[in-house]
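Number of protein chains: 4
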Amino acid sequence: MNFCSDNTTGAAPEILAALTAANTGAAMPYGNDDWTRRVEARIAEVFETEAAVFLVATGTAANALALSVLAPPYGGIVCHPDAHIQCDECAAPEFYTGGAKLVPLAGPDGKIRGADLAALLAQPGRGVHHAPAAAVSISQSSEAGTVYSVDEVEALAAAAHAGGLRLHMDGARFANALAALGCAPADLTWRAGVDALCLGASKNGAFAAEAVVLFDPGLAEAFAYRRKRGGHLLSKGRFLAAQMEAYLTDGLWLRLADRANAMAARMAAALQGVPGAELRYPVQANEVFATLPEAAIRGLLADGFSFYRWGGETSTLLRLVFAFNTRPEDVDAFAASAARHAGRAA
Amino acid sequence: MNFCSDNTTGAAPEILAALTAANTGAAMPYGNDDWTRRVEARIAEVFETEAAVFLVATGTAANALALSVLAPPYGGIVCHPDAHIQCDECAAPEFYTGGAKLVPLAGPDGKIRGADLAALLAQPGRGVHHAPAAAVSISQSSEAGTVYSVDEVEALAAAAHAGGLRLHMDGARFANALAALGCAPADLTWRAGVDALCLGASKNGAFAAEAVVLFDPGLAEAFAYRRKRGGHLLSKGRFLAAQMEAYLTDGLWLRLADRANAMAARMAAALQGVPGAELRYPVQANEVFATLPEAAIRGLLADGFSFYRWGGETSTLLRLVFAFNTRPEDVDAFAASAARHAGRAA
Amino acid sequence: MNFCSDNTTGAAPEILAALTAANTGAAMPYGNDDWTRRVEARIAEVFETEAAVFLVATGTAANALALSVLAPPYGGIVCHPDAHIQCDECAAPEFYTGGAKLVPLAGPDGKIRGADLAALLAQPGRGVHHAPAAAVSISQSSEAGTVYSVDEVEALAAAAHAGGLRLHMDGARFANALAALGCAPADLTWRAGVDALCLGASKNGAFAAEAVVLFDPGLAEAFAYRRKRGGHLLSKGRFLAAQMEAYLTDGLWLRLADRANAMAARMAAALQGVPGAELRYPVQANEVFATLPEAAIRGLLADGFSFYRWGGETSTLLRLVFAFNTRPEDVDAFAASAARHAGRAA
Amino acid sequence: MNFCSDNTTGAAPEILAALTAANTGAAMPYGNDDWTRRVEARIAEVFETEAAVFLVATGTAANALALSVLAPPYGGIVCHPDAHIQCDECAAPEFYTGGAKLVPLAGPDGKIRGADLAALLAQPGRGVHHAPAAAVSISQSSEAGTVYSVDEVEALAAAAHAGGLRLHMDGARFANALAALGCAPADLTWRAGVDALCLGASKNGAFAAEAVVLFDPGLAEAFAYRRKRGGHLLSKGRFLAAQMEAYLTDGLWLRLADRANAMAARMAAALQGVPGAELRYPVQANEVFATLPEAAIRGLLADGFSFYRWGGETSTLLRLVFAFNTRPEDVDAFAASAARHAGRAA
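Chains as they are written, first to last, in the numbering used here: chain F, 1 to 346; chain P, 1001 to 1346; chain D, 2001 to 2346; chain H, 3001 to 3346.
Think of the hints as simulated: they come from the structure by calculation, not from any bench. All C-beta atoms in this analysis are idealised placements derived from N, C-alpha and C, irrespective of residue type, glycine included. A portion of the hints provided could be inaccurate.
Just so you have them, the derived chain D footprint on chain H, three or more residues with Cβ under 8 Å [as the list claims (entries may be wrong)]: (1) 3002 to 3009; (2) 3200 to 3214.
If you want the ones that stay clear, here's a sample from chain D, every Cβ over 12 Å from chain P, calculated [claimed, not checked]: (3) Glu2048; (4) Glu2278; (5) Gly2343.
The task is simple: from the sequences and hints, build the whole structure.
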């Protein structure tokens, strides 16, 4: 039973079915196909606005490409110190922007606060001697498994726009946040001030599919060239589009996210019965960060559970990630194992 | 009936089956899975050597990443003026290398000749004032649908290595060349002096899968970081690997290429019966370049055939590309239509 | 006697005097000084327009930085195959633009023709698959020692602007062209459609000083950051400005260029008396390209003259460059030596 | 009286004299001149080792180019949070390296400690997901006006090399550190483990001259191309070399630095007589960081003194920088003014 990440799963049956169905006949390459057109229309409908939509195969590509049209090569990009773009993308944003500088801004529970951003931007500039902040990037849900409320996004967007910055949302787990909040996609994005959204599907049931949604269509032309130049324009584009189309049809994305979120909540509740277990962050989406007694951790490993110690091999903080197909019985088995081993140790 | 490109097709049934079969259970992400291990072993077996193998989803990514470990940012990369990397990748090689300069070197039938390369490299240098040539890139099969013989590759490699250059092979259609020559993969690559091969599957039956094969394992570490930094490390790596594994199993890749090549040969033969039709290049793989009377072209379009006029909308040079699933009757129908319209015009 | 280049000389006395005079008292760094303000005003006056002015120390920096604000990283930059930016700057334009692609466009006498540019731009595009042309760069005077007339610049600008391209002028030898034409600086630049001029002084009497003149002030902010980011914002900026101020005061730049041009003309005339000597290009500025008998070349070298064989060590085409301080007697001595050795050989 | 920076001064008379003397006759361009050869020999002598030496005109260029041969584009560069490369170079290191990531590591008094570096490097890696640390950069003297002892440099080098990192020293004020320590240049650099030194002269009496000293000659070839590509190879190279030659002749550099350091010490002592004044860091080179009462600051400004409030316009922390030509009477006048205004306020 693997709680390492939501990308250890395969694809949801609906998405495999869509891929299989798309594998018939000839279709023009490079996104000049009917599937891609339908995905664009679907996203416009779901988000209640016209937007420029670009499909790519990885979240890192989505983020880095999006940032490359939001910040100049001499610009700064504000993000949380734990942000995926800062910690887990091997300097892809620096590469795609041509050398922009990530500017870490701390905040509780894995989130940046609008007031802190405003304070940062109020600091005196250094003229041409320092890379001027040009964009701010937030992860929704965050790397701590928490969720920005609509109000929080609005506050950040207000501070960003007041300072002339664009707001980027890394939505690798956007569906999880959306499912948690129950609000309209538009309310959580462009209506709140988000300029560009990376809408992930790979972690939530697709094989490999991410949509970059640019709410400012003026960014589209540069993005199109940059996607091709980055090698991210797939030739048989219909297969990316078919995944994303299925994902956004009949609420599949929210159903899958709901299940994952429910498993995280189930785990959080179950850990209350584990002596010495302590949640690090509020559990709001599909991730649980919890400190466990070392004995419990070793016992869990011995019992065959897989997960990451967060921060290194001697850390007792675990990150547990839940996917669309995580089974309740596996969650329960994990908690039972932890409780058993923790109790024995105590 | 679509002769625009070999990427207008879907995937071969064997590859869809492999993808479907891989969609079960949990697997560690980012290439840390059994499928990826098996592909690495399979490629070592097929190429009769240990090599560093990296999977990506597009040919542009494969080429640009490979070149980025073969040439420094201030280097030159010699290629044919019609090379895909020069004409069709939107400056991706320049992007990934950090600014290296493509140096076009003409040659007949879409191929560079070793002697011409040697002559180019014998020209006096300009010291630090000019980007020094660091790599040469050839397409196998070429953009003209022709194939480099083993001898030709060896001559190029000898000239390249004598000048301190590395040899890159863009093998988006490598299987077509290999099937045409009937030689061992090793003979056409590392034994002939190729340093890095981009082995394509996307144009020959995969959804999206390319393998970069580095015959110098010293290049592997840099490549691994650069792939991630480029956003080309897929999280659910098993699905790339499953495609490539099926592709290289039981000779599937050669069977698919054989069929495509055979259709090109059939078209070349059939066009001899079309008044005014003239082949531009020898037909050696799965592409036919032919000049047709304008009346024939218009007639073909009216009859519902799709293809590209090569070089612009008034050109009468057509590029016809054949895929693993092109049907003989479609080839025959094309030739018959062309003959009918050409005859009427004459 | 050295005819290798106009950068083998030192600085003109007036410029040394200005540098010395500026070396007194404290001045704020990074261009926040009175000398820089005066240069900006002087350039506005000389060019009869407000423009953004940036000083740097090398022509390569000036060109590459200027191009970086005229073309996106995925863009194409059209230039003559012999252009300095193409042949002699070690891929600096590619570096500063972040990977743009130089697109060579041939033309007689080292110049691009407007009609050829228009024809190039009329070719069908390849969408995102090819770097779209974004700028055209011309050298004034050209690398062949010829000069674009005002009409020729206008024709190029018209073709460029019609295609959405910006026009860059590499004016490392702008003063020589201006002196040759005798027109107003404005007529040869912005009134003719030039968007950005690199106005060189280093080859014409300065120690090291070049001004980038952006006739579109909207480009200034990005340029300022890019100059700093490139390490080209000198801390003691007054010393760059003092050179340029002296250069543009009381017509010094034109006097210096006139002398250099006159020496080239003198050499061209004198070579008519050398058996077997033949001019390659019209002599219009301060360079002479001439084919000489091998015996004459060897004799000249034996007599202590320095110059470049153009195109390699066995070439009999010489490039002879004349500077503000070339002496008439040295020109005459060169021609006499050549005549003597050529005559002996014949 | 200007205490803003050591780059508000002009050049020392000896350096102007050297520049003037060099302005005679022809010399081959691009560093192929006798002055450059002599500087290389002089640096080898001063540093008691053969090293590759490259001259450029700015400290930002020196640092960024040096880092570009020490770290790959996907690498990390550890530096102090206040480092010039992090705060004041507008992302030049990111630009020149092609996107490497600066990794701030805090430490007291503007310096990184070897133990902290070792601890940082002992943290578990993230494989290809995170830019691997490849170099560490320290400023000598530091941005806090403090000086690394030989032992401290050795400890850092040991930690760096143990982790596979190269050690870069930003020596914009290297002479000030050297004069303060009184040790041999070799002891403070390559013998202690420094791989590349940027040896500044611009802040200590030159017009504009910095030497990059690569103690690993294997880095030289790449550096030479990168310097040209960055537009930092001056055509009339003798004028850079003449400055640096004079700087390193007869101990001029140390005499100039000694005077600047003495003025800082004099100020530090004098501030003890200013009510409410407090030194922030030990005064070890040519900079003083001191908190003063707001009344004193306003009085100083009213009296015509120039300096920077450090950290913004309401800060009461001042940075005072002393140059080779700062006069004792100006230091005394500053302290007297501060004391008078501070006393009045109290």
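Quiz prompt | Those earlier numbered hints the structure runs against, lowest number first | solution = none
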